[in-house]
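S.K.: Below, each chain spelled out in residue letters.
There are 2 protein chains.
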Amino acid sequence: MNIAIVGAGALGLYYGALLQRGGHDVRFLLRRDYEAITSTGIRVYSINGDFVLPEVSGFRRPEEIGVVDLVVIGLKTWANDQYAALVGPLVGTGTKILTLQNGLGNEEQLADLFGAARIYGGVAYLGANRGAPGTVHHLAAGRIILGAMLAEHTRDATQLAELFSAAGVTCTAVTDIARARWEKLVWNIPFNGLCALVQRPVDVLLAHAGTQELVLKIMREVIAAANAQELTEPIPLEYADELLEFTRAMPTSYRPSMQIDRAEGRPLELEALIARPLAAGRARGVEMPLTAALSALLDLP
Amino acid sequence: MNIAIVGAGALGLYYGALLQRGGHDVRFLLRRDYEAITSTGIRVYSINGDFVLPEVSGFRRPEEIGVVDLVVIGLKTWANDQYAALVGPLVGTGTKILTLQNGLGNEEQLADLFGAARIYGGVAYLGANRGAPGTVHHLAAGRIILGAMLAEHTRDATQLAELFSAAGVTCTAVTDIARARWEKLVWNIPFNGLCALVQRPVDVLLAHAGTQELVLKIMREVIAAANAQELTEPIPLEYADELLEFTRAMPTSYRPSMQIDRAEGRPLELEALIARPLAAGRARGVEMPLTAALSALLDLP
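Residue numbers (my numbering), protein chains in the order written: chain A, 1 to 301; chain B, 1 to 301.
In isolation and in its complexed conformation, chain A is listed as follows (with noise of 0.2 Å):
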């Protein structure tokens, strides 16, 4: 299958790479690492075992890459105003659209441009940093649970499910991608967005009985927010402490990717990931104080 990686940071690297080593033929629309990687490819130091990919197709500009069958996006959810520059070459008639970014609104955004028939969502519970130009660092789980966002299109998703299986990512397919993203929100509202603030990461905030007991807080903010959104069923209020014993397991000083674009002096994926959810809950009558001011904190010039 051909298959379009846009938005090639530690994530677009990472699964494009295994989609590759999957016997893909996956062309990357690169930035940064187009030099590196164009000339000595994909080093991928992962938990699950280091590779390298030494023939990598990179490309500067959408139009070179051309119409393929899939394309997997890894931007940053500010840059989805480029959605049309940058995806629109390459869709043709058949081409599906699989978004894993971050939050609330990027199949929305992608629907009104290409038509939602060819939207897919996926949530990626990934931990992975670039390293130098052309390498990747994977540090923890990999997980991608994806959906179609119009319903008739479910086996479709299985499909695509089963390329990332195929490829050696546990993936798997549901009927309900609002509901997986909400899940994910629940662990990335408070660790994104503390961590960001206080520049620290989650096992130091973890280690203090005030900062847990605020992540605790805020995850049950957003677990309100998200039962008033008509999901397929509700997310127990238990899932809070199950992602703080899933977040203990994670390595020591994992730093989210909020942490580190504020570190680096990147813009950050608030509106996405904070203030989107923020507006969801409010729109169904549920406050959220304290991601309130965690998105207000972090909106600060």
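Hints in this document: simulated from the structure, not taken from any laboratory. Incorrect hints may appear among the rest.
As the list claims (entries may be wrong) - Going by beta-carbon spacing under 7 Å, a handful of chain B positions derived as facing chain A:
id: 1; residue: 86
id: 2; residue: 198
id: 3; residue: 200
id: 4; residue: 203
id: 5; residue: 208
id: 6; residue: 210
id: 7; residue: 211
id: 8; residue: 250
id: 9; residue: 251
id: 10; residue: 293
As the list claims (entries may be wrong) - Heads up, simulated EDC-like pairs for lysine to aspartate or glutamate below, C-alpha to C-alpha not over 16 Å straight-line:
id: 11; chain 1: A; residue 1: 184; chain 2: A; residue 2: 245
id: 12; chain 1: B; residue 1: 217; chain 2: B; residue 2: 242
id: 13; chain 1: A; residue 1: 217; chain 2: A; residue 2: 287
id: 14; chain 1: B; residue 1: 217; chain 2: B; residue 2: 238
id: 15; chain 1: B; residue 1: 217; chain 2: A; residue 2: 287
id: 16; chain 1: A; residue 1: 217; chain 2: B; residue 2: 238
Nothing here was measured: the structure is a model prediction, and the numbers come from that model. The beta-carbon is built from N, C-alpha and C at its ideal position, and this holds for glycine as well.
We have chain A already, so just place chain B on it with the hints.
M.R.: Okay, now just chain B, sitting in the frame of chain A:
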């Protein structure tokens, strides 16, 4: 009158200099500024007019100062475990002790050591920072509200207030110093806490709708906790709006003391300024979730 200044930071230097200029025998207990002040005196850069005191009595040890009529304490509250060592040698039969420190618990700790009858508490609305050794910059306000710990000494509190007034400080005596302390906490908790957390001055918080709303919500939490403490009269909710107006009139880029302490790597006055008010609220059944969040985030190692 013989007056000892213990804790000669910006506040101690400023009020001590005014009292000396007003004709009192003021003795400064000094550490950082000892050399500068004993050789060239104190220089005050003030919105009310600059002045210099070329001759100032500075001491390194309280035993060298001896017993005085009045001890004025401007220590950081995290140094309160040094009360006995620093204040003890200054106290004789008729000595009064006035703490101008921030937060809750200072009068009680002094009363445990020296008896409640001689203890006075004051709340200083002073915008001042230390400059080079021996210099202090008075940027805003300067008013003191003070009161006796024991109601039967209200007349002495009035005399203390007159002492300050005669030296050029706007100063009033009140019967309920606890209420004055809580009133100041309504400002201190949001502004000291949030500015320290995000390392932005007060005007940046007020210029952003989200953080201004957060400031207001924290103020309302503090007012609710205050009004559960059996004050002589409740603090009205509109007091929060008055404080926002007061703050808008402050100098551009004004940094509260806790913001400066954190920027310079010093300990924070978290116990007196945030933890004790939080505990006092909880003890009366008032939850303060945003204040608790702020407390936890500032307390992270």
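S.K.: Now tell me, hint by hint, if it's right for this structure.
M.R.: Hints, verified against the model:
no.	hint	verdict
1	86	violated (31 Å)
2	198	holds (6 Å)
3	200	holds (6 Å)
4	203	violated (12 Å)
5	208	holds (6 Å)
6	210	holds (3 Å)
7	211	holds (5 Å)
8	250	violated (18 Å)
9	251	violated (19 Å)
10	293	holds (5 Å)
11	184/A to 245/A	holds (15 Å)
12	217/B to 242/B	holds (14 Å)
13	217/A to 287/A	holds (13 Å)
14	217/B to 238/B	holds (12 Å)
15	217/B to 287/A	holds (13 Å)
16	217/A to 238/B	violated (29 Å)
The structure shown violates the earlier hints numbered 1, 4, 8, 9, 16.
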